[in-house]
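J.: The lines below spell out each chain.
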Amino acid sequence: MSRIGVFICHCGENIGRTVDCERVAQTAGELPGVAHSVDYKYMCSDPGQALIKQAIQEMRLDGVVVGACSPHMHEKTFRRAAAAAGLNPFLCEMANLREHCSWIHEDRERATRKAIDLTRFIVEKVKFNRPLSTILIPVERRALVIGAGIAGIQAALDIADGGREVVLVEKEPSIGGHMSQLSETFPTLDCSQCILTPRMVEVAQHPRIKLLTYSEVESVEGYIGNFQVKIRKKARSVDETRCNGCGECLKNCPNKKIPSEFDQGLGLRTAIYVPFPQAVPNIPVIDRTNCALFRGRAKGVKKVVCGKCAEVCGRKAIDYDQQDSFVTENVGAIVVATGYELYSIGKEQESQALRGYGEYGYGTIPDVIDGLQFERLASASGPTGGKILRPSDRREPRTVVFLQCIGSRDPAKGIEYCSKICCMYVAKHAMLFHHKVHGGKAVVFYMDIRAGGKGYDEFVRRAIEESRALYLRGRVSRMYRNGETIRVHGFDTLSGEPVVIDADMVVLATAMRAQPGIASLAQKLSVSYDQHGFLNEAHPKLRPVETNTAGVFVAGACQAPRDIPDSVAMASAAASKVLGLFSKELLEREPLIARVDRATCTGCFQCERVCPYGAIERKPLKDAKGRLIRMVAEVNQGVCQGCGTCQATCPSKSVELEGFTDEQIYAAINAL
Amino acid sequence: MKIGYFPGCSLHATAREFDESLRLVAAALDIELDEVQDWACCGATSAHATNHALGIALPARTLALAQRQKLDRVLCPCAACYNRLATARHALAHDKKTAAQVQSILGLAFDNSVGVVSIAEMLSGVTAEIRKQTRVPLTDVKVACYYGCLLVRPPDVCGFEDAEVPSSLESIVSATGAAPVKWSMALECCGGGFSLSRTASVVRLGRLILRAARDAGAQIIVVACPMCHSNLDFRQRAMLERGGLNQPMPVLFLSELVGLSLGLDPDRLGLRRHFVSPQPLLDRISASKAMPERREQA
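Top to bottom, those sequences are chains E and V.
Take 1 as the starting number for the first sequence in the numbering used here and just add one per residue.
Take 1 as the starting number for the second sequence in the numbering used here and just add one per residue.
A couple of the hints might just be wrong.
To be verified - A short, non-exhaustive set of chain V residues, derived as facing chain E with CB atoms under 8 angstroms:
1) D162
2) E164
3) V165
4) S184
Said to hold, decoys possible - Here are the simulated distance ranges between beta carbons:
5) E:D492 - V:A200: 19 to 27 angstroms
6) E:A412 - V:A200: 44 to 52 angstroms
7) V:R272 - E:V500: 36 to 44 angstroms
8) V:K182 - E:G439: 31 to 39 angstroms
9) V:R73 - E:Q228: 58 to 66 angstroms
Said to hold, decoys possible - Chain V residues, not near chain E, derived (Cβ > 12 angstroms throughout):
10) H48
11) H94
12) D95
13) E121
14) A128
15) G192
16) S195
17) L196
18) S230
No lab work stands behind these hints: they were computed from the structure.
Yeah, the Cβ is synthetic: ideal placement off N, Cα and C, and Gly gets one too.
All chains should be modelled from the sequences, with the hints used to inform the complete structure.
T.: Take a look at the structure:
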């Protein structure tokens, strides 16, 4: 006969309000095999846990059922308490009386009856629980960081400074991300490049950081502690070991009329280029779609059309025949920091769900620009040297209209979330405009001003009070060219009046969206993402930088719209999680995984086909003399996530999922 | 192609030329218009402004009659009628309470299966046919396509094309060989039903539209709504009295323009019924028409 202890938690009012906890404890106490049953206000608290420990020792309990919240919340807590009292932690289970009962029901009587059922269900299951011990797996104590914007840079530096090696992969020719494009940063107006570029240099010079730029993750295999990552190094057409970054090739490239990605199309670059002068590494790359030589090759022209860069390169670093190459890195943890892109708000959209803003004329009226383009105009390193000039005629605009929430918070246009940073950067733009164009008028159309953050609201007030930006609460219905100016038709909802403004330039604060390639990367990493492509964290409050795949962490705007302070904080958090993981040579993990009975396994490998994690391995079964009998399935302990698909599939019933054996499940069902 | 036809009151009165030209164009394009028998008022303005149930029930009755006539779609040339019928169809599909109420008012078998089509939607579906049948290419005629407020909005109800940057009229006008201009007032309000009660407002709004069309280089305005037509055509003399506008601008129904390109007789298309004479346009066309005819004879 079992000696099970039942502990019913009131969770303050959360369970106690709709469930008669006392009665649940009393009824559970009468179940066969239950030796002890009590209820308590907060079972997870110190005195609550003491109750459990004391009962285990005094009543010699051989199983514990805690009727409280979801096991996601506190299973670890109670198992730790059980272990402290000398009981195998896997003999302790939880009945979910909160999420599965009190929170979703109103009728107290019926909810109480359901709580009793749920408790009995788990009691019967626990009777068949077996003591299990945690699994130890070796950890490769190196990390991979994907994306080298501010979040990736921060995470890489923190991990490397913590004493562990980092492989930092960036798909662009230079690290720095969007932050390197910004002029000044809110709320302190310090120059973005001034705070970023030293960190970029630090990354490049760090002895424990291996930097792979112009590279992308090709495939990921393995599991926490033991990932094998294949990385594609795209052909730069420049030998990184020879190039010393002198820049002669850039000066001599005949094709100088390519819109610069770094300047958001407002400036021009050459076909062989470095994205910006402070790029890290300062090694050019040939843009093969625009290079005359490669275009000639693509057309099948026999003659070498151009070769200027190779001619002038004193170091013989130009290599027109370079191919993509692959490297494989073994790492124990992965930090994803792929960042964001801006909503391209032209009329044509790649997705049916997005509508675009044809009525704003972006892409047809040159002086309607987006926020990042304004950053480039305001930046000292930008195409205008930091002077605010209109793209159309390079004249200084006197009136600039800023529109917030373009795309964001507008389900009709396909994006219902708030992009978080726009209120702040629009205030910053209004200030920068005021500083640079004396007597200029900034008008801001907003829906709400969301300036939560240290010094944030004060910053917006400064834009309004000191920089005299005119803030109008309302939306703009449309804009069109009116001679030299852009006529902006809006509505001021506070005065209830339509507003018509003739602006010289219009800046659209367009929504932040996940990077376009994020879905395929997420699939490689088995990380889930929401309908907008933002990666899902394991828990929105308590596990914000972990993902549902162990060993994969997120940082920055790939998870949700984030500003710089948030991205950096997340990156440091992810780095500390990685360092925590790397603090031991062996990794402990829960033993709730599948096991194959070699004696009955017929080797049909149905399990191999259905396993979503690739955890099934083929192993030979040999007799005493070492002769092969047959091949059988074996579960890789590191990879198995305990989903149970193999258990349900196995035709010979040779797979059992520890903690959820058929015996346990049937016993529990029979109790209902 | 056969399609139900709901002319509405305007096409029997102030916009007779819309009806006449549309019937001729439809015949030329081999589209059979099957008029809904015993149709009644669409409920525009008066009914839906005073009684929601009546505003839905009146157009629903027409749709029910169309269903009885085994029509799968009804063409509503008048933008106001189109909007009322489309609104009723949308409300009956999304608002169960109204649907039940209207069902009891109707007393007719009705399952809301009849589609509602505007003239913009119908003709933009047959642009290839228009191109093929064009006898008189309206080359170099610069046209401001004016949608007004009811043809494409609200987006949930109409849903045929982008409610902010529509392009159906432009595609039809292009098919006739004419050149649609880029302009900024295509979706503005013409003043609608205030033509009689607040004439000054209608004149002021119309003047803005005319000026924008002229500044964009348009020679004519094309509309698909009797109300827009009457405001811009009938009130144009008042608009021209002030505001520096001196050149009158002909306002044509979409079907009239298409009819001209198909080589139909301007008189039969009803072009003599306009207050602003389209004669300068007709002269241009007949001048250019002379060329291909001569070539044909040769």
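J.: Could you run down the list of hints and mark each one as holding or not?
T.: A quick look at each hint next to the structure:
1. D162: It holds, given that the least Cβ distance between D162 of chain V and chain E is near 6 angstroms, below 8 angstroms.
2. E164: Holds, because the Cβ-Cβ distance from E164 of chain V to chain E comes to roughly 4 angstroms (cut-off 8 angstroms).
3. V165: holds (3 angstroms)
4. S184: holds (4 angstroms)
5. E:D492 - V:A200: 19 to 27 angstroms: holds (25 angstroms)
6. E:A412 - V:A200: 44 to 52 angstroms: violated (34 angstroms)
7. V:R272 - E:V500: 36 to 44 angstroms: The hint (36 to 44 angstroms, Cβ to Cβ) holds, given that R272 of chain V and V500 of chain E are roughly 39 angstroms apart.
8. V:K182 - E:G439: 31 to 39 angstroms: holds (33 angstroms)
9. V:R73 - E:Q228: 58 to 66 angstroms: holds (60 angstroms)
10. H48: About 23 angstroms separates H48 of chain V from the closest Cβ of chain E, which puts it past 12 angstroms; holds.
11. H94: The claim holds: H94 of chain V sits with its nearest Cβ about 16 angstroms from chain E, beyond 12 angstroms.
12. D95: Holds: least Cβ distance 20 angstroms, greater than 12 angstroms.
13. E121: Given that every Cβ of chain E is farther than 12 angstroms from that of E121 of chain V, nearest at about 19 angstroms, it holds.
14. A128: holds (23 angstroms)
15. G192: About 17 angstroms separates G192 of chain V from the closest Cβ of chain E, which puts it past 12 angstroms; holds.
16. S195: Non-interface label on S195 of chain V holds, nearest chain E Cβ at 22 angstroms vs cutoff 12 angstroms.
17. L196: holds (24 angstroms)
18. S230: holds (25 angstroms)
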